[in-house]
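Colleague: Sequence:
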Amino acid sequence: MLFRIAVACALAAILTASPARAAEAFRVNGLPRGETLSIRDTPEAGAAALGQVPEGARIRGFGCTSDTPSGLTWCRVKSGPIVGWARRRYLAPE
Numbered sequence: 036m037l038f039r040i041a042v043a044c045a046l047a048a049i050l051t052a053s054p055a056r057a058a059e060a061f062r063v064n065g066l067p068r069g070e071t072l073s074i075r076d077t078p079e080a081g082a083a084a085l086g087q088v089p090e091g092a093r094i095r096g097f098g099c100t101s102d103t104p105s106g107l108t109w110c111r112v113k114s115g116p117i118v119g120w121a122r123r124r125y126l127a128p129e
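Here our numbering is used: the first residue of the sequence shown is 36, the next is one more, and so on.
Calculated from the structure, these hints are not laboratory results. Do not rely on the hints blindly, as some may be mistaken.
Lysine to aspartate or glutamate pairs mimicking EDC-like chemistry, simulated, CA-CA at most 20 Å apart [said to hold, decoys possible]: (1) Lys-113 to Glu-79; (2) Lys-113 to Glu-70; (3) Lys-113 to Glu-59; (4) Lys-113 to Glu-90; (5) Lys-113 to Glu-129; (6) Lys-113 to Asp-76.
Could you put together the complete structure from these sequences and hints?
Modeller: Right under this line is the structure:
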């Protein structure tokens, strides 16, 4: 229970970011034909997929990091009600 409250507080802090950390607008781009972008629970390819976003969809980003287990760059994103992590290489700035 306390863990869920802590996670909810952390998400609220991210989603109510200050102007210095305001949301960035991205468009999903560069996926292999017929693929969708997975939004994952943590910034790693093996993490649980929380949802899928199609090519061309708009998505909001809340900061990116390459301080990940794989060393790849991942961004904290929100698409509709889904908040999670997506690979930066498939996010084109708008």
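Colleague: All the hints need checking, so say for each whether the structure fits it.
Modeller: Hints versus structure:
Among the hinted pairs, Lys-113 with Glu-79 is consistent with the structure: their alpha-carbon atoms are about 17 Å apart, no more than 20 Å. A distance of roughly 19 Å separates the Cα atoms of Lys-113 and Glu-70; the hinted pair therefore holds under the 20 Å criterion. A hinted pair counts as satisfied when its Cα atoms are at most 20 Å apart, and Lys-113 with Glu-59 qualifies at roughly 10 Å. Proposed proximity of Lys-113 and Glu-90 is supported: the alpha carbons are some 15 Å apart, at most 20 Å.
With a CA separation close to 15 Å, the supplied pair Lys-113 and Glu-129 stays within the 20 Å bound. Restraint check for Lys-113 and Asp-76: satisfied, since their Cα atoms lie roughly 12 Å apart, inside the 20 Å limit.
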